[in-house]
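Participant: The listed protein sequences correspond, in order, to chains A and B.
Residues in the first sequence are numbered from 1 upward in steps of one, following the numbering used here.
Residues in the second sequence are numbered from 310 upward in steps of one, following the numbering used here.
A couple of the hints might just be wrong.
Calculated lysine-lysine pairs in the DSS-like style (CA-CA distance at most 25 Å, straight line) [to be verified]:
#1 A/K111 / A/K142
#2 B/K321 / B/K385
#3 A/K111 / A/K295
#4 A/K211 / B/K543
#5 B/K385 / A/K212
#6 B/K543 / B/K495
#7 B/K321 / A/K211
Keep in mind that the hints were calculated from the coordinates and are not lab data.
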Amino acid sequence: MSTTQDHETNLLVTQIAGIALDNPVMVASGTFGYGREYATLMDIDRLGAIMVKGVSVTPWTGNPMPRIVETPAGMLNAIGLQNPGVAYFCREALPWLRQRKPAVIVNVIGKTVEEYAEVATRLDQEQGIAALEVNISCPNVKEGGIAFGTDPVAAAEVVAAVKASTSLPVIPKLSPNVTDITAMARAVVDAGASAVSLVNTFLGMAIDVRKKRPALANVMGGLSGPAIRPLAVRMVWQVYEAVQVPIIGMGGITCVEDALEFIMAGAGAVAVGTATFRHPTTALQVCAGLAAYCKAEGVTINELVGVAH
Amino acid sequence: MTAAEFTTPILKQTRIAEDIYNLTLGPHPAMLTATPGQFVQLAVGPTWDPLLRRPFSICYVKDDGAFNILYRAQGKGTALLAHLCAGASVNVLGPLGHGFTLPQAPTSDPIVLVGGGIGTPPLVFLAQSLSNMGIRPHVTLGFTNADQVICEEYFRACGAHLSIATDDGSYGYHGLVTELLEQINKPALIYACGPRGMLAAVAHFANTRRISCQVSMEEHMACGMGVCLGCVCKTKVTAPAAPQPNAVGGPGWQWQRVCMEGPVFDAAEVIF
Ligand SMILES: Cc1cc2nc3c(=O)[nH]c(=O)nc-3n(C[C@H](O)[C@H](O)[C@H](O)COP(=O)(O)OP(=O)(O)OC[C@H]3O[C@@H](n4cnc5c(N)ncnc54)[C@H](O)[C@@H]3O)c2cc1C
Ligand SMILES: Cc1cc2nc3c(=O)[nH]c(=O)nc-3n(C[C@H](O)[C@H](O)[C@H](O)COP(=O)(O)O)c2cc1C
Ligand code: FES
């Protein structure tokens, strides 16, 4: 039986890195936990995919407090990738997640190339994971803590190691804290990336003028939210022109118009992050908005990807 | 205990002291499930700036699910909130968090509520719930001066034994609220909400005397739903209490989320 609603949602069906998606709207890593927390508030089965919080080999304790500070139309965070580790994830979070409809994309983190590969190896034994998103914004302990994501050689090395440890599609998540995002994109695609996701947070800081000290215990943190959207859209535009693989676009998306900007700049799918903190159902509203837009315009979502070029 | 996101009208907003407002928000069924010590996250302003919701304790809930919060206008978000009038609508996420644990049964042992400044409002909800159980709590409150004293009438209405301290002696006892606490004969259970320094002092008082004590903690929050890990608080892992399954930490301690496992914690557990 085909209803009007089915027809509308069919306009959103797409594929990223070989993963079939009911719709191109995802929730960004670190802003949706392992999915369960928000499930009481909304129908998470209507999401295209859930990108889970970064998962490491062993538990990471993260940074000291304070970890967040609000900034104009945005926020800085220095959570430090606190997470209970891959064993906990597989035991406690994944069994619930794999029962849900959205594709599960696991965000992989590590402090060495070997750690990334180890997480990928462990996850490769599990059912119900659609892809690995490789968060290359982590500190490279062997290179004095400089992020893998700012060095094309180190980034390619991580991606190749993950690729060799998994049968799943590998989606590197690019850091925007580089002069030339296209060099990073080319490096990871050459190393075997099936898609790229961008952007992660922008390095920033705030001073608490009352205390005459940095507002975050970690001094610097990652900026997210509407404040970064034009920067993120620009990077998606550049990467679309530089590589052939699909792009998952994110950075400050709050509504359907924001999502359309990313799609028209070249993103095949989008992810909602910080906006969820304010309105948990933002991603669902974006999804409904895209369906209505496609219907009104008489197009499928795939026909919109990169149309602004 | 399930949270809802809903938009509701302001039924009333009154300024009750300098920079302190009493806000009545329209009813929602979810609020009828709220327990003392839980909080709501309010989206202040209609736009994405300011971006984050502001957390406020639930002061009390009426029978129809209308509820009140009492807050101090101090920054960007609360200033916007203070400008809203009856009829304007506010988006609410709540009730959230894990509140105070009430005694299993009515008791005649002294139960003491310790409030400091704008930490007082959640104790109103708690005093009402205790009163409904037939318990008359001792309520000790501390404020900077007479002009800042709030909630007195609510505690009197539920029959609490009330004593108030001010820093400058302009109202009630001249001194600290913790000095009032020391004057109470053999407290059996203490509940506290207020500035961190006060909570640390109350926790120390209770822990050294082995008195059961619950404290309501405060941290900056983004999601309020347990996902961002921005609001964590350092707690002791004491055998035989098992660590939270998802918690991480170091030797003898673990992080817990103020918005999920808290805001109310066992005072013996918190590392101040
Ligand atoms: C569980 C809980 C219950 C609370 N209950 C009450 C209450 O009943 N009444 C009341 O007046 N206040 C309460 N607070 C404090 C209240 O949340 C802050 O005063 C408020 O967020 C300040 O917002 P602002 O826009 O005025 O300040 P700004 O300084 O502009 O805020 C900037 C950012 O910092 C955060 N922030 C600033 N101060 C605090 C603070 N003390 N605690 C947490 N976040 C803060 C804001 O939420 C915002 O994200 C509570 C806090 C928590 C965590
Ligand atoms: C609190 C917080 C935690 C995050 N944690 C992760 C993470 O674990 N892994 C990751 O790749 N990105 C993480 N991110 C980045 C987001 O997934 C997203 O890339 C970024 O915030 C930009 O999108 P937004 O502006 O919509 O939030 C985090 C962001 C925030 C705000
Ligand atoms: S505020 Fe996000 S985890 Fe508590």
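Participant: Give a verdict on every hint.
Facilitator: Here's how the hints hold up against the structure:
Note on A/K111 and A/K142: the hinted pairing holds, with a Cα-Cα distance of about 8 Å set against a maximum of 25 Å. Proximity of B/K321 to B/K385 is assessed by CA-CA distance (about 21 Å); at most 25 Å being required, the pair is judged to hold. With a C-alpha separation of about 46 Å, the suggested pair A/K111 and A/K295 falls outside the 25 Å cut-off, and the hint is violated. Taken as a hint, the A/K211 and B/K543 pair is honoured in the structure, with Cα atoms around 22 Å apart against an allowance of 25 Å.
For a cut-off of 25 Å, the pair hint linking B/K385 to A/K212 stands: about 19 Å separates their Cα positions. As the CA atoms of B/K543 and B/K495 are separated by approximately 29 Å, the hinted pair breaks the 25 Å bound. Distance hint between B/K321 and A/K211 is unfulfilled; the C-alpha atoms sit about 36 Å from each other, more than 25 Å.
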